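S.K.: Can you build the whole structure from these sequences, using the hints too?
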Amino acid sequence: MMRLLSLFLYYFRWQRIMTWVSLAGAIVMLLYFVFPPSIRTPALIAGGGLALGFPLSFAGISFRQLISNRRFALVPRLRMFAAAALLLLTLAGALTVCAAAISLNAYSEAEVTLEPVAVTLLAFTLISAYVLISQWLVVYSMGLIGFVLLPLVAIRVSFVSDPLFDPLTVEPLLLVVAVCTGWIWLFLAMRRPAVHRSLAAPHWGAALCSDPASPQQWHPDFGPVASPAGALMRGFRDGLRTRLAGVALGLLFFPVAMLGVLWILGAPLLDSESGRFPSAFFLLWSLFGIAAQSSMLFRNWPARLRYLWLRRAGDRAELWRIMDRALLNDLTLVGVVASMIALACMFITADDPRYPLSYVAGCVTLTALSSYFGVLSRASGWHSIVDAVVLIAVMLLCLFNVAALRSGDSLERLYWLIPLLAACALVVRVLARRALLRIDWCAIRPMRITGKQTN
Amino acid sequence: MTETIIKLDQLEKCFDSHEVLRSISAEVRTGDVIGLLGLNGAGKTTLLETALGFAVPDSGSTSLFGRPASAIADERIKHRIGFVPQQDELIETMKGSEFLGLIGRFYSSWNSDLIGRLARDWDVPLGKPAMKLSVGQRQKLSILAALGHEPELIVLDEPVASLDPLARRIFLQELIGMVSSGERTIVFSTHIVSDLERIANRVWVLKDGRLVVDEALDNLKESGVKVAQAGGSRFPASSGVTAGMSLEEIFLELHK
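Taken in order, these protein sequences are the chains called L and D. In this text, residue positions in the first sequence follow this note's numbering: the first is 1, and each later residue adds one. In this text, residue positions in the second sequence follow this note's numbering: the first is 1, and each later residue adds one.
Since the hints were made in silico from the structure, they are not lab data. A quick note: this is a predicted structure, and the numbers were derived from the prediction, not measured. Don't be surprised by glycine CBs; every beta carbon is placed ideally from N, CA and C. Among these hints, one or two may not hold up.
[Claimed, not checked] Derived SDA-like pairs (lysine to any residue); straight-line CA-CA distance at most 20 Å:
| no. | chain 1 | residue 1 | chain 2 | residue 2 |
| --- | --- | --- | --- | --- |
| 1 | D | K132 | L | M447 |
| 2 | D | K128 | D | S162 |
| 3 | D | K132 | L | C442 |
| 4 | D | K207 | D | A167 |
| 5 | D | K207 | D | D164 |
| 6 | D | K256 | D | R105 |
| 7 | D | K207 | L | Q65 |
| 8 | D | K132 | D | A167 |
| 9 | D | K7 | D | N111 |
| 10 | D | K7 | D | R76 |
| 11 | D | K7 | L | C442 |
| 12 | D | K132 | D | D164 |
[As the list claims (entries may be wrong)] Covered, in the sense of this in silico footprint (three residues per stretch, anywhere, with C-beta under 8 Å from a C-beta of chain D), are these stretches of chain L:
| no. | stretch |
| --- | --- |
| 13 | 230–244 |
| 14 | 298–309 |
M.R.: So this is what it looks like as structure tokens:
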């Protein structure tokens, strides 16, 4: 069993580090009662997030990579073993949630007790739904999605009718049949020969531009592009539309996804006291989303600048200026789009205007910090452990913030973070510039996402 | 009149504690066609890329058209260079035609007719996105991107490694056509010795980070090899030990 699980959790070095972090999170989650009462809830949420978030959020993707890898194609029954490992991981996640529920029942002073079997079944269904849905590209089976969406709808219906939710009394048969069918479907798909296909478009932005060149025809013009340098640096068509779409996606994807999760879980989407849209929750996840996206997106820029070295005038300092200008343009777009979102939230909820203003300032400063940190990390050739540590820190910060907000604290105590983030961004920018001026493109090469690779 | 295009002076380069290039001194002059040989990991890519300024030497110096390579800023100098890297620089979602159009926008002297002709001759599917191309097709596209502005100095890092024999032949013929005027300079690394023998007029052999052979091809075959290896000569030119040997035999002998 451990060898199977190691396929997902112990294969790469960064996975090993994150696995230990997840185990630490699980311990914090299960022993939350040893903490002082004031930080029990944040500890429970942060520990749970670390324990389940890392292994389960990457499980579906790791599984896809594993079974698509040509190196493993000849390993006997690897696809079946990998599917079994995925199932084991899902079960382990559900059992961890079960243990947390038992711990909560034993030590929580809340009047409501959780039914461990029901909670385990719920967790298993949700995790199964997530990991199975992420497989459709590999198994070519839209029917699979149907089977896993069904229990989600059932859970939603159950929650709405009974917020305490006891699936064993509501729709147990439907849940079990649907989830089991999904898993059987996956195992049957694993018996078929491996399907190798090109990855989907490496960047969402590529599909958003019209294509001026007709097939099989030499076309000297490139078409709508803001700058050829920008296209080489970003690795996709560079234009205002793609940049805007990217920023909007970064700002909206996470909060909309989280609202979707709340909807599935039957949680009230409107604030229970005021009956208004939960703007603080929405804006906080938006902030987290754009920061995470920026860090990943800009991380490759220093290495990709080598493509401009023999094409654009100027030394490394000039290339830094090109990159910095593009980054500042993107930050401006973040500010504009975030302002529009903040205004919309303000009109809908009639919140204190300080909240949306803080959100816009937070978006710009946090995006600046994460972008420049990505540039610094890559230009300095830092080990991926650094990125893993930063990822953990960001996850913890976010989870603590969410927990703090859920426990009724005001956003105001986070205001002081904004000038601090801005100061950090400025310092990191100076360090990033210094690193880029002595970048060695022999050692730091662009990460590549490639499709078919045959001779 | 011949101009010194690349000058390497006591060049040294390390990655972490590993010394990749050791005290390399050499020159490339106008009209030279230099073939660079070496085992895997010998430092060929590092040598070529350091010579072009992609990396700063740990000691020694590299100059390109008379300027320090890693600090070169003049666009006119940069546009005299065409570079085909080992790892292509294509944008995955762009069609070949779009990518070439994009690269063409960097240069004022982009020769669309030349690129169109080469694309037809080499059977490059310009209508497909790069992610759908085979490794060989990607390599051809990379070469086209490096030749479109008709550079004076062409540096190719294992350009034919993934090409089929027919494509290789056509590519070499094109290179021969380019160098026949004597105004173009080519430096290329390869593992295919026969290709090198067809077009190179000078051979560099890199071994353990040292340039152990820097010799005109004709001299090398006729008189033997003068090995600039620390600890004495392996085959002094005067001894003529390698005289009459093929280049491949000389290379194998050097690496015994």
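S.K.: All hints, please: hold or fail.
M.R.: Now for the hints, and whether the structure bears them out:
no.	hint	in the structure
1	D/K132 with L/M447	holds, 18 Å
2	D/K128 with D/S162	holds, 19 Å
3	D/K132 with L/C442	violated, 27 Å
4	D/K207 with D/A167	violated, 29 Å
5	D/K207 with D/D164	violated, 28 Å
6	D/K256 with D/R105	violated, 48 Å
7	D/K207 with L/Q65	violated, 38 Å
8	D/K132 with D/A167	holds, 19 Å
9	D/K7 with D/N111	violated, 29 Å
10	D/K7 with D/R76	holds, 19 Å
11	D/K7 with L/C442	holds, 19 Å
12	D/K132 with D/D164	holds, 18 Å
13	230–244	holds (count 5)
14	298–309	holds (count 3)
Checked against the numbered hints listed earlier, the structure breaks hints 3, 4, 5, 6, 7, 9; every other hint is satisfied.
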